[in-house]
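Student: Those protein sequence lines, which keep their order, are chains A and B.
All the letters of the first sequence, read from the start, carry residue numbers 110 to 287 under our numbering.
All the letters of the second sequence, read from the start, carry residue numbers 110 to 287 under our numbering.
Because the hints were derived from the structure by calculation, they are not lab data.
Keep in mind that a hint or two might mislead.
In this list, chains with the same sequence are indistinguishable; a pair is considered to hold if it fits within one copy or across any two.
[As the list claims (entries may be wrong)] In silico DMTMM-like links for lysine to aspartate or glutamate, alpha-carbon gap of 25 Å or less:
1) K168 to E151
2) K270 to E235
3) K168 to E281
4) K270 to E229
5) K270 to E233
6) K243 to E281
7) K168 to E233
8) K243 to E210
9) K243 to D203
10) K270 to E149
11) K185 to E201
12) K168 to E198
13) K270 to D117
14) K270 to E167
15) K243 to E274
16) K270 to E127
17) K270 to E151
18) K243 to E209
2 protein chains.
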Amino acid sequence: MLVDMATDFVQDSLALLERTPGALDALLRGLPAAWTSATEGEGTWSPYVVIGHLIHCEKADWMPRVRMIVEHGDAKTFEPLDREAQFREGTERDLDSMLEELRVLRAANLAELRGMGLGEAELEREGSHPAFGKVTLRQLLATWTAHDMAHVVQIARTMAKRYREEVGPWAEYLSVMR
Amino acid sequence: MLVDMATDFVQDSLALLERTPGALDALLRGLPAAWTSATEGEGTWSPYVVIGHLIHCEKADWMPRVRMIVEHGDAKTFEPLDREAQFREGTERDLDSMLEELRVLRAANLAELRGMGLGEAELEREGSHPAFGKVTLRQLLATWTAHDMAHVVQIARTMAKRYREEVGPWAEYLSVMR
């Protein structure tokens with residue numbers, strides 16, 4: 110079931126998008142590195158790495174794609190997302206400054222997005238995705254929002270699992286540990 | 110692998126426990142009800158219901174069990190957790206006041222816990238769980254912490270899924286939708 114009105118959809122998406130950086134800041138700022146560098150095992154991302162990924166997406170992915178759809182429709186194809194960028198872009202930065210950067214980038218991006226005054230016609234405008242072909246601006250905005258939540262899930266799940274052994278028999282009640 | 114030192118374990122647990130209410134507040138306060146009342150389907154919990162559950166646990170579960178272990182060891186068995194309590198305890202309250210209640214309850218509970226000055230000996234003290242039998246205070250504290258993260262996972266996953274259709278082809282890249 111799609112959300113009904115263009116206005117509601119944009120407002121709902123913005124409402125969540127504007128809260129994510131603050132929620133991650135409240136959860137992670139000042140937290141011992143034992144939590145923020147924890148992973149789910151070889152090849153998986155720590156909360157620290159996830160924040161680096163979100164920063165990269167804020168710079169290179171979401172708004173460049175929004176602008177491309179608005180300016181060029183599907184005449185230009187999106188740059189593929191570099192899912193490993195955060196491993197090159199300063200892996201020695203401290204997390205607190207990264208949380209601040211995420212906040213600033215997100216606020217600027219949402220201010221620009223709000224200024225576009227997206228209505229039904231703009232939301233249905235199509236762009237060209239390198240793997241999927243035609244996608245709409247509405248789908249892009251929904252994905253940006255859901256992607257935030259997907260990474261909140263990942264961060265909280267990764268930290269829960271750090272205590273997989275510590276919880277003893279309670280692991281049976283905690284599906285997140287499986 | 111268990112976390113090494115009793116002190117590190119308690120400090121790490123407290124560091125996360127003290128951040129959860131603020132993170133949930135930053136994520137959910139003022140958010141449209143379309144998000145906070147969303148569920149994953151029949152019989153699943155909305156973010157609103159999860160906050161009610163966390164409040165109930167803060168009042169009836171974690172600290173009463175901590176106190177029982179400290180005062181009675183395994184001579185008394187924990188009350189079973191009422192997993193449906195939040196459906197009776199005021200389902201018409203507004204979420205913002207519930208987030209505030211969670212913050213206040215958690216702060217008071219952690220102040221009490223800190224005052225106990227738990228060391229290695231206390232952490233290994235055993236209590237009696239109605240289903241598992243003997244559990245340690247250390248396992249209880251770890252479970253309290255992991256339980257927070259499990260419900261952050263649930264809240265973020267539930268909100269991501271609200272856009273399962275909206276994201277169109279991107280659902281393929283978002284494992285949280287499955």
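Student: So, for every hint listed, does it hold in this structure?
Tutor: Comparing the hints with the structure gives:
When the C-alpha separation of K168 and E151 is checked against a cutoff of 25 Å, the pair qualifies neither within a copy, at 27 Å, nor between copies, at 38 Å. For the homomeric pair K270 and E235, the shortest alpha-carbon distance between copies (23 Å) is at most 25 Å, but the shortest distance inside one copy (40 Å) is not. Proximity of K168 to E281 under the C-alpha cut-off of 25 Å is restricted to the inter-copy arrangement: shortest distance 23 Å between copies versus 41 Å within a copy. In this assembly of identical chains, the alpha carbons of K270 and E229 lie at most 25 Å apart only when taken from different copies (22 Å versus 42 Å within one copy).
Taking the shortest Cα distances, K270 and E233 sit within 25 Å of each other only across copies (21 Å), while inside one copy they are farther apart (40 Å). With identical chains, the CA atoms of K243 and E281 are at most 25 Å apart between copies only, with a shortest distance of 15 Å across copies and 44 Å within one. In this assembly of identical chains, K168 and E233 lie within 25 Å of each other by CA distance solely inside one copy; the values are 24 Å within and 48 Å between copies. Taking the shortest alpha-carbon separations for K243 and E210, neither the intra-copy value of 32 Å nor the inter-copy value of 47 Å comes in at or below 25 Å.
In this homomeric assembly, K243 and D203 never come within 25 Å of each other (Cα to Cα): the closest approach is 39 Å inside a single copy and 41 Å across copies. In this assembly of identical chains, the alpha carbons of K270 and E149 lie at most 25 Å apart whether taken from the same copy (7 Å) or from different copies (22 Å). Within a single copy, K185 and E201 get their C-alpha atoms no closer than 35 Å, and across copies no closer than 50 Å, so neither meets the 25 Å cut-off. Proximity of K168 to E198 under the C-alpha cut-off of 25 Å is restricted to the intra-copy arrangement: shortest distance 12 Å within a copy versus 44 Å between copies.
In this assembly of identical chains, K270 and D117 lie within 25 Å of each other by CA distance solely across copies; the values are 17 Å between and 36 Å within a copy. In the homo-oligomer, the alpha carbons of K270 and E167 lie at most 25 Å apart only across protomers (22 Å), although the nearest pairing inside one protomer, at 28 Å, exceeds that limit. Taking CA atoms no more than 25 Å apart as the test, K243 paired with E274 passes between copies only; the shortest distance there is 16 Å, against 46 Å inside one copy. In this homomeric assembly, K270 and E127 come within 25 Å of each other (Cα to Cα) only across copies, at 18 Å, whereas the closest approach inside a single copy is 28 Å.
Proximity of K270 to E151 under the C-alpha cut-off of 25 Å is restricted to the intra-copy arrangement: shortest distance 14 Å within a copy versus 27 Å between copies. For the identical chains of this complex, K243 and E209 are neighbours neither inside a copy (34 Å) nor across copies (44 Å), given an alpha-carbon limit of 25 Å.
Violation of the numbered hints given earlier is confined to hints 1, 8, 9, 11, 18; the remaining hints are satisfied by the structure.
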